[in-house]
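Model the full structure from these sequences, guided by the hints.
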Amino acid sequence: MDVRYEAYCFADPLFYDAPTRGNSAETVFEDSLPSLPVGWWRTERDVWTVCRPHGHRLPEQGWKIHVSATVDNAHRVLRQVWDYCTVGRIPFKFLRGPRVLLTRNAKYAPREASGKLVTIYPDDEVALERVLRELSGRLVGEPGPYVLSDLRYGPGPLYVRWGAFVDMWTNDADGHQVPAVRTPEGNLVPDERKPYFRVPPWVRLPEFLEPHLAARRNGDPDAFPYRVEGALHFSNGGGVYLATPRDRGDRVVLKEARPYAGLDRDGTDAVARLQRERRVLQRLAGVPGVPVLHDYFTAWEHHFLVQQHLPGIPLGQWLAREYPLAWSEDRAASPRALADYTDRALRVVDEVERIVHAMHARGLAFGDLHPNNIMIDEDDRVALVDFELAFALDEPRRPALGAPGFAAPPDRSGVAVDEYALAALRLWLFLPMNLVAALEPGKLARFVDVVRERFPVPADYGEKVSRELSPAPDAPHPLTGLPGPVASATPFDPAEPDWDAVRAALVEGIRHSATPQRGDRLFPGDIAQFTTGGTTFAYGAAGVLHALHVTGAGRFPEYEQYEQWLLDSLDTEPPRRPGFLDGAHGLAHVLDELGHSTAAHDLVEAFGPAVAGLRDHGLSGGLAGVGLNLLHLGVRWDEGACLSQALGIGDQLAERVAGAPPEPGSRGRAGLSYGWSGPALLFLRLYEHTGDEGWIDAADRALAWDLRECVERDDGSWQVRDGTLRTLPYLEVGSAGVALVLAELAAVAPHAPSVERLEGLLLACRSGFVAQPGLFLGRAGLVAALVAAARLGGAADDERLVLRHLRQLGWWAMPYPAVHEEAGPSSSDRVTEPRWTPGRGLAFPGNQLLRLSMDVATGNAGVLLAVAHAVDGTAPLPFLSAVPPALGRRLPDQPAPTLVGTPESTQ
Numbered sequence: 001m002d003v004r005y006e007a008y009c010f011a012d013p014l015f016y017d018a019p020t021r022g023n024s025a026e027t028v029f030e031d032s033l034p035s036l037p038v039g040w041w042r043t044e045r046d047v048w049t050v051c052r053p054h055g056h057r058l059p060e061q062g063w064k065i066h067v068s069a070t071v072d073n074a075h076r077v078l079r080q081v082w083d084y085c086t087v088g089r090i091p092f093k094f095l096r097g098p099r100v101l102l103t104r105n106a107k108y109a110p111r112e113a114s115g116k117l118v119t120i121y122p123d124d125e126v127a128l129e130r131v132l133r134e135l136s137g138r139l140v141g142e143p144g145p146y147v148l149s150d151l152r153y154g155p156g157p158l159y160v161r162w163g164a165f166v167d168m169w170t171n172d173a174d175g176h177q178v179p180a181v182r183t184p185e186g187n188l189v190p191d192e193r194k195p196y197f198r199v200p201p202w203v204r205l206p207e208f209l210e211p212h213l214a215a216r217r218n219g220d221p222d223a224f225p226y227r228v229e230g231a232l233h234f235s236n237g238g239g240v241y242l243a244t245p246r247d248r249g250d251r252v253v254l255k256e257a258r259p260y261a262g263l264d265r266d267g268t269d270a271v272a273r274l275q276r277e278r279r280v281l282q283r284l285a286g287v288p289g290v291p292v293l294h295d296y297f298t299a300w301e302h303h304f305l306v307q308q309h310l311p312g313i314p315l316g317q318w319l320a321r322e323y324p325l326a327w328s329e330d331r332a333a334s335p336r337a338l339a340d341y342t343d344r345a346l347r348v349v350d351e352v353e354r355i356v357h358a359m360h361a362r363g364l365a366f367g368d369l370h371p372n373n374i375m376i377d378e379d380d381r382v383a384l385v386d387f388e389l390a391f392a393l394d395e396p397r398r399p400a401l402g403a404p405g406f407a408a409p410p411d412r413s414g415v416a417v418d419e420y421a422l423a424a425l426r427l428w429l430f431l432p433m434n435l436v437a438a439l440e441p442g443k444l445a446r447f448v449d450v451v452r453e454r455f456p457v458p459a460d461y462g463e464k465v466s467r468e469l470s471p472a473p474d475a476p477h478p479l480t481g482l483p484g485p486v487a488s489a490t491p492f493d494p495a496e497p498d499w500d501a502v503r504a505a506l507v508e509g510i511r512h513s514a515t516p517q518r519g520d521r522l523f524p525g526d527i528a529q530f531t532t533g534g535t536t537f538a539y540g541a542a543g544v545l546h547a548l549h550v551t552g553a554g555r556f557p558e559y560e561q562y563e564q565w566l567l568d569s570l571d572t573e574p575p576r577r578p579g580f581l582d583g584a585h586g587l588a589h590v591l592d593e594l595g596h597s598t599a600a601h602d603l604v605e606a607f608g609p610a611v612a613g614l615r616d617h618g619l620s621g622g623l624a625g626v627g628l629n630l631l632h633l634g635v636r637w638d639e640g641a642c643l644s645q646a647l648g649i650g651d652q653l654a655e656r657v658a659g660a661p662p663e664p665g666s667r668g669r670a671g672l673s674y675g676w677s678g679p680a681l682l683f684l685r686l687y688e689h690t691g692d693e694g695w696i697d698a699a700d701r702a703l704a705w706d707l708r709e710c711v712e713r714d715d716g717s718w719q720v721r722d723g724t725l726r727t728l729p730y731l732e733v734g735s736a737g738v739a740l741v742l743a744e745l746a747a748v749a750p751h752a753p754s755v756e757r758l759e760g761l762l763l764a765c766r767s768g769f770v771a772q773p774g775l776f777l778g779r780a781g782l783v784a785a786l787v788a789a790a791r792l793g794g795a796a797d798d799e800r801l802v803l804r805h806l807r808q809l810g811w812w813a814m815p816y817p818a819v820h821e822e823a824g825p826s827s828s829d830r831v832t833e834p835r836w837t838p839g840r841g842l843a844f845p846g847n848q849l850l851r852l853s854m855d856v857a858t859g860n861a862g863v864l865l866a867v868a869h870a871v872d873g874t875a876p877l878p879f880l881s882a883v884p885p886a887l888g889r890r891l892p893d894q895p896a897p898t899l900v901g902t903p904e905s906t907q
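Here the sequence shown stands for residues 1 to 907, numbered as in UniProt numbering.
Honestly, the hints are just simulated from the structure, not real lab data. These figures come from a predicted structure and were not determined experimentally. A couple of the hints might just be wrong.
To be verified - Pairwise CB distance ranges, derived in the manner of DEER restraints: (1) R518 x P200: 32 to 40 Å; (2) P200 x E229: 29 to 37 Å; (3) Q517 x D394: 47 to 55 Å; (4) P53 x D31: 21 to 29 Å.
Just so you know, even glycine gets a beta-carbon here, dropped at the ideal spot from N, CA and C.
Pasting the structure below:
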């Protein structure tokens with residue numbers, strides 16, 4: 001689970017949204033503050049309220065002050081800072097309200113940004129010293145979490161850090177745009193924000209701060225009673241470490257808790273949870289499968305719990321390695337493999353249940369049962385870890401934290417909290433779709449049927465799962481907030497789906513989700529749109545409008561409004577970087593595609609200087625994507641300057657792949673978005689444009705570089721490494737992205753050395769299970785690669801595999817807008833078999849499956865492109881080739897259809 005997503009789930013129950021949006025009645029700090037004096041102005045920037053005196057020119061960079069506070073004392077601390085800064089005419093900014101403060105101090109909030117309530121911008125070092133001295137007197141004794149990125153001034157809640165005061169940007173080592181500071185030579189370099197204090201090498205620490213730095217370093221590391229061997233896990237609440245005691249050799253686990261940090265939703269901090277865990281482990285002493293408590297102590301203001309080190313790996317890693325449906329289809333379908341896995345999984349859940357029931361016998365509920373809190377060793381013996389949310393059965397409380405898909409609904413308490421999680425585990429071990437069922441409980445029956453169909457589980461296994469996980473009849477439905485089930489049938493359900501109906505439903509979902517009244521986004525999508533902007537191709541409006549355009553959705557009445565929003569965004573929310581998937585060139589591509597060539601041309605010209613500074617080679621935000629777009633636009637516009645620049649980018653990248661390949665990193669980046677497959681695609685398009693076969697050789701070398709980051713799995717498939725345990729088959733990073741471009745190379749150079757790996761890459765795309773539906777990191781991307789295989793005359797059953805993938809996309813498809821089931825006046829009038837009603841919309845959950853999404857990378861638009869690619873042969877993304885339809889429906893030179901229910905059929 002990517003912990004960044006949690007903060008974007010608070011504002012809206014259906015879509016990811018900025019933490020600052022949501023309930024208009026939410027308390028904000030400014031409500032309790034006086035008005036700004038005359039001569040000041042204020043503005044909102046992201047989660048901050050910025051206050052600055054008129055005429056004040058902020059330095060570009062320097063020493064800034066951060067003020068820390070808890071949720072309880074934030075109003076008091078802020079009022080002191082407000083009064084001091086407004087009188088002294090010192091610019092400052094503060095978090096908008098208590099909910100934002102809680103979110104930024106939550107357990108899985110970014111550690112480097114946690115703890116900060118206020119930022120103050122002194123003019124120089126003289127002002128810095130004065131403000132710290134005077135303000136520390138006002139705030140003496142006020143508690144607050146330690147700001148890990150800063151140097152603390154004295155014992156109070158004031159911290160300092162050197163960095164940028166204004167927005168400046170540069171590219172990091174991977175080519176991603178990041179905040180910048182300026183060196184003495186005038187160069188922009190990344191403004192690194194780490195969870196530890198550091199200053200750039202050219203910056204001198206002011207002399208008056210030297211004693212505070214010495215105090216930070218005070219203490220003898222050898223006096224710490226344990227030798228830390230390595231970190232197992234970090235959260236904003238503290239770390240978990242492997243260690244050995246200095247007086248003996250037995251390995252232990254150290255759990256660290258930071259005061260006032262790592263908050264859960266009721267404001268409980270990491271220290272309170274660790275103390276609770278200590279009491280729980282004392283009560284559970286002697287229970288097999290529960291670690292032994294060894295020690296509890298404080299050091300450096302932090303609390304440490306010492307417990308027995310249990311061998312094994314988290315159950316989530318075990319599933320990634322052992323789950324048979326994740327293998328290629330032939331191996332996954334083996335009755336022996338399915339039976340062996342079933343036996344092991346049943347034993348695992350029985351063992352977990354035994355430990356949980358032993359806790360109940362001692363009057364405790366575990367409260368946080370999920371796969372990462374279950375350890376399993378090489379002999380399939382299991383143990384539980386992380387007891388910080390456990391609670392006594394006689395306590396009138398429930399955990400305020402919980403793992404999505406395993407956390408019990410509000411109507412469960414006591415033992416029922418654990419029984420719900422055990423049922424969720426029973427489902428997850430055989431079909432890890434818990435998060436989807438949490439968003440749409442109507443999917444649960446289908447998922448239980450899939451488990452019964454694929455695995456030889458006991459006859460009553462599905463009944464146990466359904467009984468515990470089914471919501472109460474009066475429980476509010478997640479998609480509507482109203483009690484009762486919704487009409488959950490989808491056009492994916494029939495044995496022979498009507499693909500026009502599928503696409504019409506996807507388009508209808510996109511239309512209903514549009515928010516043209518908002519300036520920051522037009523369509524809801526991934527959280528990346530809040531950092532890259534709401535206009536981008538991958539995560540924003542440009543990509544969605546491209547998908548609607550190329551798949552034949554027609555120009556319905558709202559479409560003109562959507563296009564105007566995109567044009568207006570050039571002034572209100574201009575792109576922040578030059579790249580194709582994440583910036584200006586993707587927006588320019590779509591503007592030109594929709595007939596706004598002048599705006600596209602101006603945008604390309606405006607970002608010319610930024611392109612000149614790019615070093616990233618990838619298609620997403622780097623040179624490959626920019627070069628492909630310049631080549632495309634140069635041909636369309638018959639403009640020599642664009643063509644010349646595209647050829648120059650190609651030469652630059654070809655020169656790089658002519659050298660020695662880079663050493664593979666700890667995690668592979670091979671794939672379409674960030675790997676060398678993107679430059680390979682540019683080389684192939686340049687070959688088509690010039691006829692120079694040297695570009696074919698360059699494409700082969702680039703693909704060979706990506707293939708160096710792939711490993712062969714036991715089932716014979718080739719997948720991209722993701723650390724030491726996981727491998728990736730996806731389009732963005734993974735086998736599918738490499739295979740798509742390798743198939744294009746095979747079409748023009750079938751004997752190129754890299755082509756021999758194509759079948760192994762495609763084998764990875766024949767998996768029986770994929771965790772997410774999206775185009776970039778899910779099943780829809782595998783469809784694109786398998787269609788490429790069909791184009792090359794691949795396996796005889798490619799059409800069947802494509803159809804299976806497309807139909808199984810229905811596992812994630814949800815009604816949107818959701819409509820509740822209608823019941824007739826008597827039971828005999830009720831519809832017993834749910835049916836799809838034409839004209840309704842569908843939506844897909846995005847990355848992490850916590851909220852719905854409409855964008856190309858993760859949501860509806862990407863699924864729409866994948867379906868059209870398979871059914872009609874249209875390209876799944878710009879610059880990739882159109883192909884004969886994999887389902888054999890019609891020839892690619894026929895016009896795209898007008899979708900049922902779209903405005904072209906009604907205008």
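Inset, instruction - Could you tell me which of the numbered hints above are not met by this structure, giving the numbers in increasing order? - result: Failing hints: none at all.
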